Amino acid sequence: VSEACLHCGGAVPAGLGGGFCCRGCEGAYGLVNTLGLEQYYRRRTVDPAARPLRPDEEAGRFHDYSAHVQPAENGEACLHLMIEGMHCGACIWLIESLLNKQAGVTWARVNMTTRRLVVRWRDGENDPGTILAPVLAVGYRLVPYDPQRLGQETQRQEKELLRAMAVAGFAASNVMLLSVSVWAGHFSYMGPATRDLMHWISALVVLPAVAWCIRPFARSAITALRAGRTNMDVPITIGVTLASAMSLYETMHGGEYAYFDSAITLLFFLLIGRYLDSRARGRARTAVEHLLALDATAVTVVEPDGGQRLLPPHKVAAGALVLVAAGERIGVDGVVAEGSSDVDTGLITGESVPATVAPGAKVFAGTINLSAPLRLVVAAVGERTLLAEIVRMMEVAEQGRARYVALADRVARYYAPVVHVAALSTFLAWTLFTETPWQVALLYAVAVLIITCPCALALAVPVVQVIGSGRLMRQGILIKSATALERFADVDTVVFDKTGTLTLGRPRLVEGGWQEDDLRLAASLALSSRHPLARALAQADPAAPVAEGVAEVPGRGLEAAGMRLGSRAFVGVEDEFEAVGPELWLSRPGRAPVRFAFTDEVRPDAAPVVAALQARGLSVELLSGDRQPTVRQVAGDLGISVWRAACTPQAKCRRLAELAAEGRRVLMVGDGLNDAPALAAAHVSMSPSTAVDVSQTTADVVFQGHRLGPVLETLDVARTSRLLVKQNFALALGYNVFTVPLAVIGLVTPLIAAIAMSTSSLVVIGNALRLSRGRKP
Amino acid sequence: VTNLLMLIPVALFLGFSGLLGFLWALKSGQFDDLDGAAHRILFDDDNDQPSRKA
Chain Y
1 VSEACLHCGG
11 AVPAGLGGGF
21 CCRGCEGAYG
31 LVNTLGLEQY
41 YRRRTVDPAA
51 RPLRPDEEAG
61 RFHDYSAHVQ
71 PAENGEACLH
81 LMIEGMHCGA
91 CIWLIESLLN
101 KQAGVTWARV
111 NMTTRRLVVR
121 WRDGENDPGT
131 ILAPVLAVGY
141 RLVPYDPQRL
151 GQETQRQEKE
161 LLRAMAVAGF
171 AASNVMLLSV
181 SVWAGHFSYM
191 GPATRDLMHW
201 ISALVVLPAV
211 AWCIRPFARS
221 AITALRAGRT
231 NMDVPITIGV
241 TLASAMSLYE
251 TMHGGEYAYF
261 DSAITLLFFL
271 LIGRYLDSRA
281 RGRARTAVEH
291 LLALDATAVT
301 VVEPDGGQRL
311 LPPHKVAAGA
321 LVLVAAGERI
331 GVDGVVAEGS
341 SDVDTGLITG
351 ESVPATVAPG
361 AKVFAGTINL
371 SAPLRLVVAA
381 VGERTLLAEI
391 VRMMEVAEQG
401 RARYVALADR
411 VARYYAPVVH
421 VAALSTFLAW
431 TLFTETPWQV
441 ALLYAVAVLI
451 ITCPCALALA
461 VPVVQVIGSG
471 RLMRQGILIK
481 SATALERFAD
491 VDTVVFDKTG
501 TLTLGRPRLV
511 EGGWQEDDLR
521 LAASLALSSR
531 HPLARALAQA
541 DPAAPVAEGV
551 AEVPGRGLEA
561 AGMRLGSRAF
571 VGVEDEFEAV
581 GPELWLSRPG
591 RAPVRFAFTD
601 EVRPDAAPVV
611 AALQARGLSV
621 ELLSGDRQPT
631 VRQVAGDLGI
641 SVWRAACTPQ
651 AKCRRLAELA
661 AEGRRVLMVG
671 DGLNDAPALA
681 AAHVSMSPST
691 AVDVSQTTAD
701 VVFQGHRLGP
711 VLETLDVART
721 SRLLVKQNFA
731 LALGYNVFTV
741 PLAVIGLVTP
751 LIAAIAMSTS
761 SLVVIGNALR
771 LSRGRKP
Chain H
1001 VTNLLMLIPV
1011 ALFLGFSGLL
1021 GFLWALKSGQ
1031 FDDLDGAAHR
1041 ILFDDDNDQP
1051 SRKA
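Line order of the protein sequences matches chains Y and H.
Heads up: the first sequence at position 484 corresponds to 484 in our numbering, and the numbers run straight through without jumps.
In our numbering, each residue carries its 1-based index in the second sequence increased by 1000.
Calculated cross-link-like contacts (lysine-lysine; reagent style DSBU-like; alpha-carbon spacing at most 35 Å):
id, chain 1, residue 1, chain 2, residue 2
1, Y, Lys726, Y, Lys159
2, Y, Lys159, H, Lys1027
3, H, Lys1027, Y, Lys101
Simulated from the structure, these hints should not be mistaken for lab results.
Please read these numbers as outputs of a predicted model, since none were measured by experiment.
Model the full assembly from the supplied sequences, consistent with the hints where possible.
In C-alpha cells, the structure reads:
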C-alpha cells in the first residue's frame, strides 16, 4: 500500500497509476476541480471513523428523491436529507458550495450535529435528481426523511430542558445573591424587615421558576405513581414542592429561615444532569435514525395501460405489477412474473451468497435485486410483508426487555419510602414528644426532606453515563438506550451472528487453484457485473482491462467470445463435492475450467476479541443463518466451540430464550434483519454501523469501523461505570447518614443545607470524572 | 436600605434580560447546530452566499 487516493484517501491498489483508487474517485476529483472547489482537499481532515468518501456507482438509483419533495413558501420546493460520509467542517462547505452552484437553489444548509441537510430551490427550475447529483458523485450518501416524523419529540424535550435549565440558572444565581446576604445577616446584624424583604424578593423570583422548572420531574413522578411505582423523581418533586411551600409560609409569617435557594439550586443541578444525559443519547440516536431509509424506497408500479408510477410501498395494492431495476432494493413481498436475476437475501437469511430467482420464485421486501430487472406480482405490502412480520416479532421480544428497571430506580424504590418515613417521624416526634409548635416541627421535617433529597443520588448515574458514553463515542461507539451500559455490565454470555458481524460481510478471493492470467481474464469479464462475487474478483485484480462484448445471463453468469464465468452448472462442471464457500468458475474453449473460491473475510481482530472475552469468563456462541460448512469453519478459526448454522430468525430468538431461561445474561451482536428479533430479545445488544437499519434501531449500542474491539471496550467501560455508580451511591448515602441526624434534631439551617448539597454533588461528579481519564484502549 | 431598594431591582433586571436573550437565541435556532457553527467559520466564503442569488 504505497499511495493514498487523491479523492477518498484510501489505498490505491498496486499497479494502478494516476493516484486514484477507482473510476468513481477520479470522476469526483475532476468534478470538484472543475467547479473551482479544489480547496476542499487542502482544508479537510479525514475522520477515520466515518465512511470513506468513495462514490457509489449506483448512487441515486436507490432513492427516488422526487417522492419526498415538500412544498415550501414562495413557490419553493424543499427536501430534507440525512447525510452519510461527512468528515469535518470542510465537508459542510463542499456540500453547500456544490448545491449552491446548481440552478434554482436558494438555500442549502447542513446541520453538522444532526448530519442533516435542507435544500430549497425554486420549484420548476430544477429537479432534485439534478441538484443532488454532484453531491452523490463526490461520494456522500443522501437519505431522504420526513422531518415531521423524525426526532421532533426528542428535540422538543431537549429544548424544554434547556429552557428550564436557563430559567433555573437565572433564578438560582440571583437568589443566591440574596441568600448570601441573609446568611451574612445571621452573623452580623440584619433587621427582620430587611430579611423579610430579601425573602419576599426571593419568593418572587423562585416560586414562578420552580413552578415552571419542576414540570419535567413532576410529569415523570406522576407517571410512575400512576403505575404504582416510585422513581427518583418522586422524592425530588415532593422535596422541592414542600421546600418552596414551607419557605413561602415562613416568609409570610416573618420567619428566620427560608429554603428558596436550596429548592432552586437543586432543580438547577438536576436539570444540568438531565440535559447532558438527553444530549449524549440524542446524538447517538440521530446517528442511527436511518430506519426510515427502508420506508423511503419508492416502488415503481406498472399501470394497466403500461405507464409507470412511483409510489411509497404502503400505497401499493396486492396483485399490482411492480418493476424492480437491477441494483434496487425490493420494497414488497411478491412472486417473480418476468425476468430472472440474483437476489441478495442477506437481510432476511444472513447468507452471503445471493440466491437465483426465476419466474414463479418468491422474493421478499428488504432484499436487493442484483443483476437484471424483474417484474413482480405483489403478494403482500406494508404490514403483511415478511419484513413487517420480523419487525413485529422484534417488538414482542422488546416488551420483555422493557421490564428492566434501571439501577437508580431500583435504589429509589427503597430510598423514597425511607426518606418519607424519616421526614414524617421527625415531624411526629417533635410535635408529640416536645413542646415545639407544629410549624417548627414541620420546618425540621422539611429540612430532612431537603437534606435527603437525592441530588447526589440523582446525579450518581447520569453523570457516570454521560462520561462513559462520551468516552465511547470518541471511539465511534454510540450508546442509544439509557440503561444499556448498566445491562452491559451484567453480561455473562456473548452471542455473535456470523455474516457482517464476525466477518466483514463481503467476499474475498482465496489464493490457490488459479493462475495470474486466469485471474486477469476472469476479472476483465467480471467488471461488467454487479454481482458481489464478480466485484470481489474485479477488485482482486484492479489492473484488468474491461472485456468487450460481455453478456450477463442473469442468475447464471457472464459470457463473452466462448468464455464463460459463473456458476458450476453454467460452465458445465460435473463435480459433486459440496463447496465450503461461494465460488465462481471460468471456462475457456479447449482448457479445463478454473475454480475461484471466495471466503467472507473475518474481521481483523475477531480472534483476539473472542479470546479476550473468553478470558474474562464469558461464554461465546455463534448463531448464523448461513450454511453449516461455512459456519463450522469460522467457528473453528475463532475458537468458538458452541455454534449453530442455518438458524431462522425464530430459531435465534428461541436459542436466546433458552439461554435466558438458564439465567444467563446475553449480549447479542448482530447486523442482519434476521438478527433483529434476537437483538431485541437479548439482555443487551450491539450492531455494527454497517448493519441494516432495523437492527441499528433495535440494538442498544452501535459501533463503527472494521474492528470488533468495540465489543470489548464497551464491556470494560460498562463494568467500570457500574463500579463508579456504586461508589457514587455509597458516597451519596454515606453523606446522608452523616447529615440526616443533624436535620432530625433540627440543627440544619438553609446555609448548612446549601453547603452540604453542593459538596455532595461535586464529590459525586468528581468521582465520575475519573472514568474519562481512564486508560487508553 | 435605599441603596438596596435600587440595587436589587437593577440586578434582577440585568439577570432577567440575560435570560430573555438566551431564550430568544434558543427559539431562533442558534443552538440547533453547536458543532457546525464552530467549523463553519473556518470555511465561509463570501462569493457564494445563497441569499444573494435569491
